[in-house]
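Top to bottom, those sequences are chains A and B.
Mapping the first sequence onto the UniProt record's numbering, position 351 (from 1) lands on 351, and the numbers just tick up by one.
Mapping the second sequence onto the UniProt record's numbering, position 62 (from 1) lands on 62, and the numbers just tick up by one.
No lab work stands behind these hints, which were simulated from the structure alone.
Errors might be hidden in some of the hints.
It does not matter which identical chain is meant; a pair holds if it fits inside one copy or across any two.
[To be verified] In silico DSBU-like links for lysine-lysine, alpha-carbon gap of 30 Å or less:
(1) LYS147 to LYS325
(2) LYS297 to LYS120
(3) LYS104 to LYS193
(4) LYS325 to LYS43
(5) LYS134 to LYS297
(6) LYS345 to LYS201
(7) LYS147 to LYS120
(8) LYS297 to LYS112
(9) LYS104 to LYS325
(10) LYS325 to LYS120
(11) LYS193 to LYS325
(12) LYS43 to LYS297
(13) LYS325 to LYS112
(14) LYS201 to LYS325
(15) LYS147 to LYS345
The residues making up each chain are set out below.
2 protein chains.
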Amino acid sequence: MNYPWPEPGTPLNEVATPMPVIDEARLAANIARVQAYCDQHGKAFRPHIKTHKIAAVAHQQVEAGAVGLNCQKVTEAEVFADAGFEDILITYNILGAAKLARLKALNARVAKLAVVADSKTTVAGLAATFDADKPLTVLIECDTGAKRCGVQTPEAAVALAENIAAAPGLRFGGIMTYPATGGAEQVEAFMSKTMALLAEKGIDCPVRSSGGSPDLFFAHLVPSATEHRAGTYVYNDRSMVRAGHCTNDDLAMHILATVVSRPAPDRAVLDSGSKALTSDLLGFSDYGSIAGYEGAKVVSLSEEHAVVDTSACTTPFPEIGAQVKVVPNHTCVVTNLFDRMVFHKDGLVTRVENVDARGTVW
Amino acid sequence: MNYPWPEPGTPLNEVATPMPVIDEARLAANIARVQAYCDQHGKAFRPHIKTHKIAAVAHQQVEAGAVGLNCQKVTEAEVFADAGFEDILITYNILGAAKLARLKALNARVAKLAVVADSKTTVAGLAATFDADKPLTVLIECDTGAKRCGVQTPEAAVALAENIAAAPGLRFGGIMTYPATGGAEQVEAFMSKTMALLAEKGIDCPVRSSGGSPDLFFAHLVPSATEHRAGTYVYNDRSMVRAGHCTNDDLAMHILATVVSRPAPDRAVLDSGSKALTSDLLGFSDYGSIAGYEGAKVVSLSEEHAVVDTSACTTPFPEIGAQVKVVPNHTCVVTNLFDRMVFHKDGLVTRVENVDARGTVW
Numbered sequence: 001m002n003y004p005w006p007e008p009g010t011p012l013n014e015v016a017t018p019m020p021v022i023d024e025a026r027l028a029a030n031i032a033r034v035q036a037y038c039d040q041h042g043k044a045f046r047p048h049i050k051t052h053k054i055a056a057v058a059h060q061q062v063e064a065g066a067v068g069l070n071c072q073k074v075t076e077a078e079v080f081a082d083a084g085f086e087d088i089l090i091t092y093n094i095l096g097a098a099k100l101a102r103l104k105a106l107n108a109r110v111a112k113l114a115v116v117a118d119s120k121t122t123v124a125g126l127a128a129t130f131d132a133d134k135p136l137t138v139l140i141e142c143d144t145g146a147k148r149c150g151v152q153t154p155e156a157a158v159a160l161a162e163n164i165a166a167a168p169g170l171r172f173g174g175i176m177t178y179p180a181t182g183g184a185e186q187v188e189a190f191m192s193k194t195m196a197l198l199a200e201k202g203i204d205c206p207v208r209s210s211g212g213s214p215d216l217f218f219a220h221l222v223p224s225a226t227e228h229r230a231g232t233y234v235y236n237d238r239s240m241v242r243a244g245h246c247t248n249d250d251l252a253m254h255i256l257a258t259v260v261s262r263p264a265p266d267r268a269v270l271d272s273g274s275k276a277l278t279s280d281l282l283g284f285s286d287y288g289s290i291a292g293y294e295g296a297k298v299v300s301l302s303e304e305h306a307v308v309d310t311s312a313c314t315t316p317f318p319e320i321g322a323q324v325k326v327v328p329n330h331t332c333v334v335t336n337l338f339d340r341m342v343f344h345k346d347g348l349v350t351r352v353e354n355v356d357a358r359g360t361v362w
Numbered sequence: 001m002n003y004p005w006p007e008p009g010t011p012l013n014e015v016a017t018p019m020p021v022i023d024e025a026r027l028a029a030n031i032a033r034v035q036a037y038c039d040q041h042g043k044a045f046r047p048h049i050k051t052h053k054i055a056a057v058a059h060q061q062v063e064a065g066a067v068g069l070n071c072q073k074v075t076e077a078e079v080f081a082d083a084g085f086e087d088i089l090i091t092y093n094i095l096g097a098a099k100l101a102r103l104k105a106l107n108a109r110v111a112k113l114a115v116v117a118d119s120k121t122t123v124a125g126l127a128a129t130f131d132a133d134k135p136l137t138v139l140i141e142c143d144t145g146a147k148r149c150g151v152q153t154p155e156a157a158v159a160l161a162e163n164i165a166a167a168p169g170l171r172f173g174g175i176m177t178y179p180a181t182g183g184a185e186q187v188e189a190f191m192s193k194t195m196a197l198l199a200e201k202g203i204d205c206p207v208r209s210s211g212g213s214p215d216l217f218f219a220h221l222v223p224s225a226t227e228h229r230a231g232t233y234v235y236n237d238r239s240m241v242r243a244g245h246c247t248n249d250d251l252a253m254h255i256l257a258t259v260v261s262r263p264a265p266d267r268a269v270l271d272s273g274s275k276a277l278t279s280d281l282l283g284f285s286d287y288g289s290i291a292g293y294e295g296a297k298v299v300s301l302s303e304e305h306a307v308v309d310t311s312a313c314t315t316p317f318p319e320i321g322a323q324v325k326v327v328p329n330h331t332c333v334v335t336n337l338f339d340r341m342v343f344h345k346d347g348l349v350t351r352v353e354n355v356d357a358r359g360t361v362w
């Protein structure tokens, strides 16, 4: 968009709203804290790029010690391959001729590419696409309580592993799970049982990948896991504070918004609507909190307006034209709405980054 | 994105998913039906571009008889000015130096540009920006029950109209409201009272603009209104069917999705997550319906997955790799997620349109 993006050094209050702004110091601290935790417990760490979708931030994560990246779509992985990343796990069932052709081309140019599968149909599509010249690594997605994708039992995982191992163009890479919060015991039980059954068949299971941000600091309670994947930790959000993962001082993303109307004494309207915050509730009854204005409640969103009930706000709420900082319920979905994003340190703009993988839906 | 977009004539089942697909026949019928209703009742019709954000669709609306366009942001209006539209109403309080400068430049090149204001602060910013050489038309936004923006009483509207009329660079254009559903009486009462008070002051009120899609066909119950604005009617969605505005046969937008996992007998997972559907509930308890699969319930979304509970589905649910068509709860927010969109007729692709104003947040 043809817009006067702020130069480095611009004060944040001169940035046109609504705009997500990323605190450099908190971003760096979040990256360092989680990497240190994984290092301490001997787990490889593989950040999920969905939260930032920015190559420069991914480079910060890998420079801190991350083993590689986690993507969700082929076109997302292409963006990060173009940016020079050589170890990418796509945690998705890739289906259909168009995507399989793209995946094959990607595998030819990325040193370490892997995908997941949870069905014979997905494995059959992969097996028919890849050959022994440049085989594709496939992990099995296991459902350890999240009730999304994944095989339901260790026995089903082993049956699928045999399918993969039998395909000349595929390599069995291990197992992967996206656990429900607090499910460390369930994840460990599934992983250890699967490994034992695979060992009986003489099938090696090199990678055991666990995932999720809210329960990231429970990753060491899954001894069988060799790596952990997480995305949200990099910026954090209101749901992560509620989960006990972090405090308000670890929130790297805020959405800068302007008060555009004060139609009634107990009502303020911000320019951060669902096009800026999304309508993700994640169990909350309102659409974000407002830094410094305890009790102010974002009660409804339309595309370009957020209606704030200020009746229980402990501080006089700002007047028309003033800026506020909204803490989003869910940071990852905000990122997908903006083409570019503003970074800052000590109240001054440091850089404006393209959200490189925004809109990569396939 | 570097992706093999479908050529005209491609069967829909070859389009990579997730992808919103627009039915040309239903689109044309929706445009014609609403224009005919407004023509019949002597109301000017001003479509809100938020639902499609596509210049080519806006041209279809104006060719059918729409008086001009309704935008929400300056940058949105710029996109449609670039596409040749000469009558644009921006229904937003424009605040801040950067946006006011852009608005002034826009006013210099658009034949009929107007904005709304609901406060002295907004009017003061506009008054300081515009001059008598090329004045800006300003309407007053009135709150007739939606409890979003807007002055609260006809008396407040008149006071603000006097502010506008006194500014050399501004022209008072009339009043505008975005009513709560079914609020025709409340809208009429507010409008007629305001007009009477303005007449006493000798202030002309040429435009009285009502708005909203769900209650569009009640627009004739507001005799004082000269025009109506609506967006969602152009594609329609699940919420519009529930509101009684249309039937399933008037749904022009579906989200084409693929079944990527069938982890359990009563669970299917689609590739249309919150990055394709958004998490807008609009009062529903689930995230869309699936055409032809009554009872299938989209119980949860993550960014790239939609989990479907198939236990109450009256038809056997499709297996992995099959395509389904999801009816979104809210069409406008879906549009903002995609850079391009596929149109079709009788199951064959007709065109692929850029979503020209996607991501115009300012």
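- Between copies, within a copy, both or neither: which fits LYS297 and LYS120 at Cα up to 30 Å? For LYS297 and LYS120, the Cα distance is within 30 Å only across copies (25 Å; inside one copy 48 Å).
- Task: Indicate which option fits the pair LYS147, LYS325 if close means a Cα-Cα distance not exceeding 30 Å: within, between, both or neither.
- Result: between (35 Å within a copy, 22 Å between copies)
- Message: Regarding LYS134 and LYS297, is the shortest C-alpha distance of 30 Å or less found within a copy, between copies, in both, or in neither?
- Response: neither (54 Å within a copy, 41 Å between copies)
- Give the relationship of LYS147 and LYS345 under a CA distance limit of 30 Å: within one copy only, between copies only, both, or neither. For LYS147 and LYS345, neither the intra-copy (40 Å) nor the inter-copy (37 Å) Cα distance is at most 30 Å.
- 30 Å Cα cut-off: does LYS325 pair with LYS43 within a copy, between copies, both or neither? neither (35 Å within a copy, 41 Å between copies)
- Message: Checking an output row: LYS43 and LYS297, CA cutoff 30 Å. Within, between, both or neither?
- Response: neither (40 Å within a copy, 38 Å between copies)
- Is it within a copy, between copies, both, or neither that the alpha carbon of LYS104 lies no farther than 30 Å from that of LYS325? This pair counts as between: shortest inter-copy Cα distance 28 Å, intra-copy 44 Å.
- Message: My question is about LYS345 and LYS201: at a cut-off of 30 Å on alpha-carbon distance, are they close within one copy, between copies, both, or neither?
- Response: For LYS345 and LYS201, the Cα distance exceeds 30 Å both inside one copy (55 Å) and across copies (53 Å).
- Between LYS201 and LYS325, at a C-alpha cutoff of 30 Å, which is it: within one copy, between copies, both, or neither? neither (56 Å within a copy, 42 Å between copies)
- Item | Up to 30 Å CA-CA - LYS120 versus LYS325, copy category | Close across copies (24 Å), not inside one copy (48 Å); limit 30 Å.
- Item | Within, between, both or neither: LYS104, LYS193 at alpha-carbon 30 Å | neither (32 Å within a copy, 68 Å between copies)
- Query: Can you tell me if LYS297 and LYS112 fall within 30 Å by alpha carbon in one copy, between copies, both or neither?
  - Reply: Neither. Shortest intra-copy (46 Å) and inter-copy (38 Å) distances fail the 30 Å Cα cut-off.
Hint compliance for this structure: hints 3, 4, 5, 6, 8, 11, 12, 13, 14 and 15 are broken, all remaining hints hold.
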